[in-house]
Each structure stands twice: as C-alpha cells, then as structure tokens.
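Asker: Here is what each chain is made of, one letter per residue.
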Amino acid sequence: MKARLNRAEILASTPLRQALGLMGIVFAILLVTLGFAYVALRSSTEDSIRADLKQQTAVFQVAANPETLSVIVSAEARASDPSERAIAFVMSDGRQVGNVRVTHQGDRWVISRHPEYAPLSKHGYFTLTMPLAGGLLVIGESRAPIAELTSTFLAILVFSFVPSLLVSAAYGAWVGMRARKRVSAIEETLDDLTEGRLEARVPRDEVKARKGDDLARIGARLNVMAETQEATVAALRQVSADIAHDLKTPMQRISVLLSELQEALPEDTPPRALAEQAGTEAERAVAVFHSLLRIAQIEGGSPKARFARVDLGALAADITELYEASAEEAGGALTLQRPDAPLIVHGDRGLLGQMLSNLIENAIRHGGPAPKIAVSLSRERGAIILSVADHGPGIPEAEREKVLRRLYRLERSRTTPGNGLGLALVHAVAGLHEAELELSDNRPGLIVSLRFAAPGQSA
Amino acid sequence: MKLLLIEDDATTADYVLRGLREEGHTVDHLANGRDGLTQALGGTYDVMIIDRMLPELDGLSITRAIRAAKVTTPIIFLTAIGGVDDRIEGLNAGADDYLVKPFAFGELSARLAALARRPQAQSEQVMLEAGDLKVDLIARKVTRGGQEIDLLPREFSLLEFLLRRKGRVQTRTMLLEGVWDLNFDPQTNVVETHISRLRNKVDKPFERDLIHTVRGAGYRIEG
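Chains as they are written, first to last, in my numbering: chain P, 94 to 552; chain X, 812 to 1034.
Read the hints as simulated data drawn from the structure, not as lab findings. It is possible that part of the hints are untrue.
To be verified - Straight-line C-alpha distance at most 30 Å; calculated DSSO-like pairs for lysine-lysine:
| hint | chain 1 | residue 1 | chain 2 | residue 2 |
| --- | --- | --- | --- | --- |
| 1 | X | 1015 | X | 952 |
| 2 | X | 945 | X | 1012 |
| 3 | X | 1012 | P | 465 |
| 4 | X | 945 | P | 465 |
| 5 | P | 397 | P | 495 |
| 6 | X | 977 | X | 1015 |
As the list claims (entries may be wrong) - Residues on chain X that point at chain P, a partial pick, calculated with CB under 10 Å:
| hint | residue |
| --- | --- |
| 7 | 883 |
| 8 | 884 |
| 9 | 897 |
| 10 | 916 |
| 11 | 972 |
| 12 | 1003 |
None of the values given here were measured: they were computed from a predicted structure. C-beta: ideal position from N, C-alpha, C; glycine also.
Let the sequences and hints guide you as you build the complete structure.
Answerer: What follows is the structure, given as structure tokens:
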C-alpha cells in the first residue's frame, strides 16, 4: 500500500524519538555540570581580580601629597592601556589625572573615556575607589577575563553538544527509517489480510536474518497467524462446498422429480396443485440455503479481493428504477433523492446492488399498505450516507439488533413472504464494506441508513 | 445442436438429457471428469455442459484444460455451490456461462440457445422488427402498425434486448443480467412487472401479442 516513507512517518518513528529524547537528557546534564563549573570558576576569577586590584593600590599609598600622587598616577596612566586598567585621581579641587575620566553619579563613580587615551574596555570594570592624599583614587580592572571565560564555556557547550546531537539524530533517523520500513512491511501484510488476501505474508528477509529481534518475531508470528487463517478459511470453504454439494444434489433431484411429477399429473387437479406447492417449497429451501451460503462467504471477507470503484448514485438509480414499478403495483411509490455528482465507494457492485434490493424489497413488503419508500443518498463530512425509509409499522427498538441476525423474524412478519435472511445479508454486506448500519425510527416507519467511508486517495 | 454433457449425478443427467433430446438436440453424456475431458477435446460440439463436482477430474480443471488446448466451444458450467466467488471462479477458468443447481430446465435451455448464437454480428443493425413492430435504434423510436409507442428508456432497452434475440426464450435472470447488469435473484417479481408494463404499451392496444410467456422459463418475442 504505502511503500514510500514520508518525513512525518520517520519523525514519528520510535528510534528517532528515543534518540532525540536521550539527547535532551544529555544536554540537560551537560548544562548543569558546565553551569556549576562556570559559576565556580567565575567567582574565583573575580576574587583574584579584586585581590590584584587591592594589591595595586599599595604602590599609590606611598605618595604623601596630592602632587606626588598626581605624578605617579599620570605615569601609571601613560603606561597602562585603559581597556585593561583604568586609573584616575580626583583631587580635592576637582581636577583629574589618569587615563580615564570619572564622574560622580549618585553614590558611585562612573568611568568614561578620556579623549587623549585609548577606548574603554567593552566588558566593564571592577572598580576600587579609595580616598588618598586628600583626593580620591579610582582604579578599574577590565572584566574581559570574565567575558572570555563565559565565551569559552559557551564554546565548550556548543562543541560538545552540537556534533553529538547531529550524530545521534542521524543515527536515530537511520534506525527509524529501517524500523519504519520493516513496520510498514508488517502493516502492509495486515492490510492485505484484512482485505481478504489471505495469501499475504511478511517478506521472508524481514522475518529472518535479524537474530530474532522484536520486529522479526512479530513478523514471524503474523505469518503463522496468516497461515492458520488461510488454512481455516480453506477448510471452511471445503466443508461448505462439500455440504453444498451433498445437500444440493438431492435438492436438484427433488426439483427434477417434482417437475416430472407435475408434468405427469393432469392440469387443474388437486394432486397437481400439491405437486406444484411442493415444487415452490423446494425452491424456497434452495433460496434459504443459497442465502446462508452467501452470507457465510461475505462474512469470510473473500469478496474484498474483487473490490473496485462503484458509483453508489448510479447503482441506486438502477435499483430504484428496477423496483419503481413493483412499488407502484403495490399501490405505493418509490423515490430516489441523490446529488448529481457520482458518489464513489470502494466495493462490490453486485453485493451492494443486492443489499439495496433487499432493503427496498423489505420496505415494499413490510411498509404497510401503499408503501411510500424514500431512498436517499447524501455526502456528509467525507462519508456517503445511503438510506431507505418507509412509513410502515417499523421495528420496535428492542428488536432492531435482532432483526440483523440470520433467520430472525418479527412475530407479525411470520405470515408474510421472506426468509428472515434479507437484513442479515444487508448486515453482512455492510460489514464487508465497513459501512455503519443503523436502524432508526421514521415516526412512523423504519429508516435503514448506511454510512460509507469515501475512499481515500491511496485506495 | 450437438451438445456434450459431463455430469455424474444420474437423476440430473437423465432429466437434462431427456429435455435436450426432446428439444431435438444430439447429446453425448459422460459421467466422469477424465473421460469427459477426453471426449471434449476429441469431438466437435456446439456447446458443452460441465458439472463442477465430478469424480476423477473436477469441472474447473476440465474447463481450464479445454481452454489451454485452444478449444473455444462455449461452455456452460453447472454448480451446486453458487456462492459469491464460485461464479467468478467458473468464468475465470474459461466458462462462458454459469448455472446454479437446482435449476429449471427452461433456464438451461434458454442459456444454451444464447451461447450457441454467440458471437452475434447484430450490433450494426439499426432497425429491429417483429411482425408490425419496428424499433429504430438510432432515433430510438418504436412504432407498431405505423402507430408510435412512447417507451421509457428502460422499457426500450428491455424491448431491444428481446428483439435482438427474437424467437429465443430469455429467462428472468438473463434479462436482469442483460438489461440491468445485475447478478442476483430478487425475491419479488420485478422482471414480471417490467414485462407487464412493456406489454401494456406494446401488445395490449393491438390485436396480436408479440411478447410471449414461456411457462417455467421466461419470455420470448415472436416475429
């Protein structure tokens, strides 16, 4: 059926989902471990920068007056790159020396660029301010090492995670695709079996040569099951063929003898009438036998192998046209309502025709005097609904399930013709076509409706 | 016609043989599959009647063997089974028609006549006639004695079907298959109803009846 694998199916495959799930867990663990390491390393780096900063102030503390300190700071400022170390001395009269400018904002000293020096560090500063020689010394150490640390950690995360994500996703997809192929081989076999092709098997190489993994075991079991089913159906067919032959040969003889008896008896005499009656009864017995055999075969599902596209609309038109005259003879009417467009289902035209005939015949027979029968077809959310409604006495709710059984007849119908197999056959044909069969109240009367799934594009 | 009957059940075979001989046919009868096949391949027949269940060699195998030997004589298959698949199986094996036991002799006789006349080169005919009834297939016009008869499309098809097989009996099942393309036996008299409606238009207003009922078999149109 669907031999080609599409992307959605591979994404939905178990191995790929498992691989991706596992990767998610690995990523989470990695994130936590690296996170802890980063936080610890960062705080120790910060500590060492601060300690360094503190040590540097020692050099300046030797200066006793603002002038000396200004000279030392200026010398230091010229020697340092402001992007690594910022240094400024604010004297009591507000004059500044240093490689950066500092301004007092709120309770903090903010560093800004000194036009004669290089640009500031992009990463900010750890600053230390201390009152010295009647002024204020501001020293800032660039935060660049911390930024470097962060980017190193991010790089570690990316370099360790991305390749393993790619590798495991690819592996998962590969395994998934292989498993998917094997699963679809099993699915195809199941589809074939459900559609009545009992000779369908999971291919041999999908079952063998895989050291008995789970899929191979399922495939092998499925094959065993299919073989058993095929054998059972064959046995059943043989038995029913034997019964049919053994029972029908005498029936054939009886009808032959009865028709010869009829010929031998003079017309319009009581014995002739008896012989004719016996002939009719023999025909009825044969009809019941036929119907039972047919229902059994339909329920066995074998006609599915012959399914083709059937236009239910055209078929309903043919069948209603066939019965229109009979309904009128009975003093009633038979109408068909259907959309103009074809209503295609996947099925067996002969069986669907017989099903509809049975429903119409039932309605003519049990639809009361002057039966008004309405056959209608409609399309409803992708499904095709076929219904046959009459205005007769209907079927009591409690009996609706039972009338679908073989040979079941309502008490009041025992005197009317029919063999109690009409609706059983409808039920079997509906089941074969996976159509939902519903019997409901027409107030008054009976509505039998069937809901067919319209065939998909793949069918 | 020269016919071959391969049937093991004596009662059925006697009945069929008697009926066929009464109709004036020459019939060879064999009661087992192996002899039947030898006879089928050796003789020349107009139609062969083969039972499905036979001693020694079953009917399906005989039919396949006959077709494999490139013998194209029409074959009518008799079967006791008559389920949904059996009909298809018989036709797939190479049979031309199929009859489920028990059958009325009339049905067999009508189907034999139909098979013997195949293939018919009637498709080019544009005018069908029976007595003073004329059917123009192109204009789809029906007249009788010069008087135009108005028919519904299905009534027209039914009349055309009978006229194309003028003089030969057409059974109810043959009409259902040929006119409605349906392969099952309705419980009610649908075909009878349609025939009676057709008669009301084609025969009733006129003196002579053209559509005849053949008791126990079906209908026939006479010229």
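Asker: State for each hint whether it applies.
Answerer: Results of checking the hints against the structure:
For the given pair, residue 1015 of chain X sits about 18 Å from residue 952 of chain X by alpha-carbon distance, which is consistent with the 30 Å threshold. This hinted pair checks out: residue 945 of chain X and residue 1012 of chain X have alpha carbons roughly 14 Å apart, not beyond 30 Å. As the CA atoms of residue 1012 of chain X and residue 465 of chain P are separated by approximately 25 Å, the hinted pair is consistent with the 30 Å bound. Taken as a hint, the residue 945 of chain X and residue 465 of chain P pair is broken in the structure, with Cα atoms around 37 Å apart against an allowance of 30 Å.
The hinted pair formed by residue 397 of chain P and residue 495 of chain P meets the criterion: a straight-line CA distance of about 26 Å does not exceed 30 Å. A distance of roughly 19 Å separates the Cα atoms of residue 977 of chain X and residue 1015 of chain X; the hinted pair therefore holds under the 30 Å criterion. Given the 10 Å rule on beta carbons, the hint for residue 883 of chain X is violated: about 26 Å separates it from the nearest Cβ of chain P. This hint is violated: residue 884 of chain X has a C-beta 24 Å from the nearest C-beta of chain P, more than the 10 Å allowed.
Annotation: residue 897 of chain X was flagged as interfacial toward chain P, and the flag holds, the nearest CB pair being 8 Å apart, inside 10 Å. Hint on residue 916 of chain X holds. Least Cβ distance to chain P is approximately 7 Å, under the 10 Å limit. Because the smallest distance between the Cβ of residue 972 of chain X and any Cβ of chain P comes to about 14 Å, over 10 Å, the interface hint for this residue is violated. Checking residue 1003 of chain X against chain P by beta carbon gives a least distance of about 9 Å; that is within 10 Å, so the hint holds.
Going down the numbered hints, you'll see the structure goes against 4, 7, 8, 11, while the others check out.
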